[in-house]
Amino acid sequence: MDRAAVDTKIRELIAPFNKKGVELKDETTFANDLEFDSLTVMDFVAEIEDEFDIIISMNQQAEIENFGQLIDAVSKLQD
Amino acid sequence: MSEGISQPDKPENLPGEGTDLFSKFDGIIQMREGLLASGVEDPFNLVMEKVLSPTRAICNGRDTILLGTYNYMGMTFDPDVIDAGKQALADYGTGTTGSRVLNGTYQGHKECEDALKEFYDFDHAMVFSTGYLANLGIISTIAGKGDYIILDIDSHASIWDGCAMGNAEVVPFKHNDIEAMEKRLKRVPEGAGKLVILEGVYSMLGDVAPLKEMVAIAKKHGAMVLVDEAHSMGFIGENGRGVVEDAGVIDDVDFIIGTFSKSVGTVGGFCVSNHPKFEIMRLVSRPYVFTASLPPSVVATAATSIRKLQNAGNKRGHLWENSRRLHKGLTDLGFQLGTEQCESAIVAVIMPDLEQGAMMWEALLKEGLYVNLARPPATPANMTLLRCSLCAEHSDEEVGTILGMFERAGKTIGII
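Respectively, the protein sequence lines represent chains L and A.
Start counting the first sequence at 1; every next residue gets the next number (this note's numbering).
Start counting the second sequence at 80; every next residue gets the next number (this note's numbering).
Treat the hints as calculated values from the structure; they're not laboratory data.
Honestly, I wouldn't trust all of these hints.
What the hints assert, rightly or not - Quick list of the computed label-pair ranges, beta carbon to beta carbon:
{"id": "1", "chain 1": "L", "residue 1": "Ala15", "chain 2": "A", "residue 2": "Ala371", "range": "49 to 57 Å"}
{"id": "2", "chain 1": "L", "residue 1": "Gly68", "chain 2": "A", "residue 2": "Phe101", "range": "30 to 38 Å"}
{"id": "3", "chain 1": "L", "residue 1": "Ala62", "chain 2": "A", "residue 2": "Lys196", "range": "38 to 46 Å"}
{"id": "4", "chain 1": "A", "residue 1": "Gly172", "chain 2": "L", "residue 2": "Ile54", "range": "50 to 58 Å"}
Stated by the list, open to error - Derived DSS-like pairs: lysine-lysine, alpha-carbon spacing no greater than 25 Å straight-line:
{"id": "5", "chain 1": "A", "residue 1": "Lys265", "chain 2": "A", "residue 2": "Lys253"}
{"id": "6", "chain 1": "A", "residue 1": "Lys299", "chain 2": "A", "residue 2": "Lys262"}
{"id": "7", "chain 1": "A", "residue 1": "Lys356", "chain 2": "A", "residue 2": "Lys298"}
{"id": "8", "chain 1": "L", "residue 1": "Lys9", "chain 2": "A", "residue 2": "Lys262"}
{"id": "9", "chain 1": "A", "residue 1": "Lys291", "chain 2": "A", "residue 2": "Lys196"}
{"id": "10", "chain 1": "L", "residue 1": "Lys9", "chain 2": "A", "residue 2": "Lys253"}
{"id": "11", "chain 1": "A", "residue 1": "Lys356", "chain 2": "A", "residue 2": "Lys189"}
{"id": "12", "chain 1": "A", "residue 1": "Lys407", "chain 2": "A", "residue 2": "Lys490"}
{"id": "13", "chain 1": "A", "residue 1": "Lys298", "chain 2": "A", "residue 2": "Lys224"}
{"id": "14", "chain 1": "A", "residue 1": "Lys129", "chain 2": "A", "residue 2": "Lys165"}
{"id": "15", "chain 1": "L", "residue 1": "Lys19", "chain 2": "A", "residue 2": "Lys253"}
{"id": "16", "chain 1": "A", "residue 1": "Lys387", "chain 2": "A", "residue 2": "Lys196"}
{"id": "17", "chain 1": "A", "residue 1": "Lys490", "chain 2": "A", "residue 2": "Lys445"}
{"id": "18", "chain 1": "A", "residue 1": "Lys291", "chain 2": "A", "residue 2": "Lys265"}
{"id": "19", "chain 1": "L", "residue 1": "Lys76", "chain 2": "A", "residue 2": "Lys262"}
{"id": "20", "chain 1": "A", "residue 1": "Lys265", "chain 2": "L", "residue 2": "Lys76"}
{"id": "21", "chain 1": "L", "residue 1": "Lys76", "chain 2": "A", "residue 2": "Lys224"}
{"id": "22", "chain 1": "A", "residue 1": "Lys262", "chain 2": "A", "residue 2": "Lys291"}
{"id": "23", "chain 1": "L", "residue 1": "Lys9", "chain 2": "A", "residue 2": "Lys265"}
{"id": "24", "chain 1": "A", "residue 1": "Lys445", "chain 2": "A", "residue 2": "Lys129"}
{"id": "25", "chain 1": "A", "residue 1": "Lys387", "chain 2": "A", "residue 2": "Lys189"}
The structure presented is a predicted model; accordingly, all values stated were derived computationally and were not measured.
Where a beta carbon is used, it is the ideal one built from N, C-alpha and C, also for glycine.
Pulled out of the complex, with its shape left as it was, chain L reads as follows (with noise of 0.2 Å):
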C-alpha cells in the first residue's frame, strides 16, 4: 500500500474518533488538535495495527505527535 492509500484508510479509521471533525492535515497533532487521551489513543492505536497487521510499540508511538508522521510510520511498518 502506498503512502496515499495508507493515508486514505487512517483517515477511514480515524473518523469516529475524530469527534469534533477537526481537519486533518499532515501537521495536526493528536494530543492539541485532536485532544486524544491516553484511552483514545489505546483504542485507535488498536485499530491500525489490526487493519495494517502491524505493531506500533509504545516507544514508537511516542515520536508519533502529528498525522504526518503516524501515515509515514505505518507506511513504513507494513513493508
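Guided by the hints, dock chain A onto chain L, whose structure is given.
Using the frame of chain L, we list chain A on its own:
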C-alpha cells in the same frame, strides 16, 4: 570605574518568566486546590494517630474501621509475627546499612527466601526492598533493547516503570482481552525476545485475569510469562499461591512477583522462579544491587508471616465470606461496583465523578470508615473509585456496620 558594573548581569525580562520546572504540575495543583476549596477533608493527607488492630485505627481523631489497607490476612498484629520482629531487632540491630550483594544479606534474608521457596514450591526466590523494586528489578533487567514486552494496559505503575527502564519495545493490549493479546504476540518480529506481563488480580476494580487462557497462548508463542500476584497471595488458590494456582497454570509461568506489604503485613517485594539461571539476577539487577536491603526485623516478620499463611485455611475462608457479603450488600443497596461478581478481596465502588467521590469519602470517614479514594490517572477509564479491601480479621458484626455506614453516606450524598 569599570563599565561593566552598570550592566545588568542578566536580562531583566526573561522569556517565560514565572514558569520553571514545576510549571508542569500546575494542572494537578489546581485540581487539588479546587477539591479542597469545596471544604472536604483532604483525602490524600490522612493521619492515623493510633492503630488499634488490623481493622481499627484512630484517624484524624476518630475511631475508624479500616476498609482500604490491603491488609488482607490481618497479619500486622499477629503475636508470633511481632515476637519474631522483636527478637530480630534485639539480635541483629535496626538495619543492615548495605546492599544485598555486599554487607546486606543476613541469616534472616536467606530464611525469608527459604520461606518463599517453600510457600510457592519454586526453586529460586529473591527478596527486594519493596514490591515496586521487585517489578522494576526483574522486568528492566530481563527485557532490554530489541526485546518485546506484551502487557495489559491496566498494569501497575511499577510494571510500566520497569518496562521504561529496560528500553524494550512496549506493546500494551486491552485489559483482560485474550484475543488482543494473541494478535500482538503473533506480530512480534521473528527471533525477538518476548515477555508477557499479567497480574492475577487487578487492584483498581478487583477483577481477576483469565490466566488459564492467557498463559497457554503466551507459551504457545514462545514468550516468557511474568505474573504479579500482589493482591492474591495468601487467599487465592488452594495453598494461597495466587490466581496462577487457582487457574492451574503455576507450573507454566516463569516468574511470580509479589509483595510483603499486603497479605504478609510488612514491607518488601520478591520474585520466585524456576529458571535455572535465575540466581544471576542478584548480580545484574540494578534495583536489587543499588539499594539497601530490608532491616532484619522486617525479614523476620515476613518469614514468620509467610509460614503462617501456608496454613491459614480458616482465615482464608472468612476473608472470602466477608468479601462476598460486602459485594452483595453494596450491590443490593444500589451501588455500582467494579465487578458483577465478587472476584477478590477488593470491592471497588464506582463514583459518578471526583467531586461526589470525595464527598462520599468524607461522609464515610465521618461515619468512622476508611476506604481508598482512587482517581484518574491511576484508574482505568478515568473513573473515580472508592476502593474497599477486606481483611480476614473483620468480624461479621463489622461488615454489618460497614454496610450501614455506606447506606447512610450514600443517601446523604445522593448516590443511591
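| query | Honestly, which of those hints from before does the structure not fit? | reply | Violated hints: none; all satisfied.
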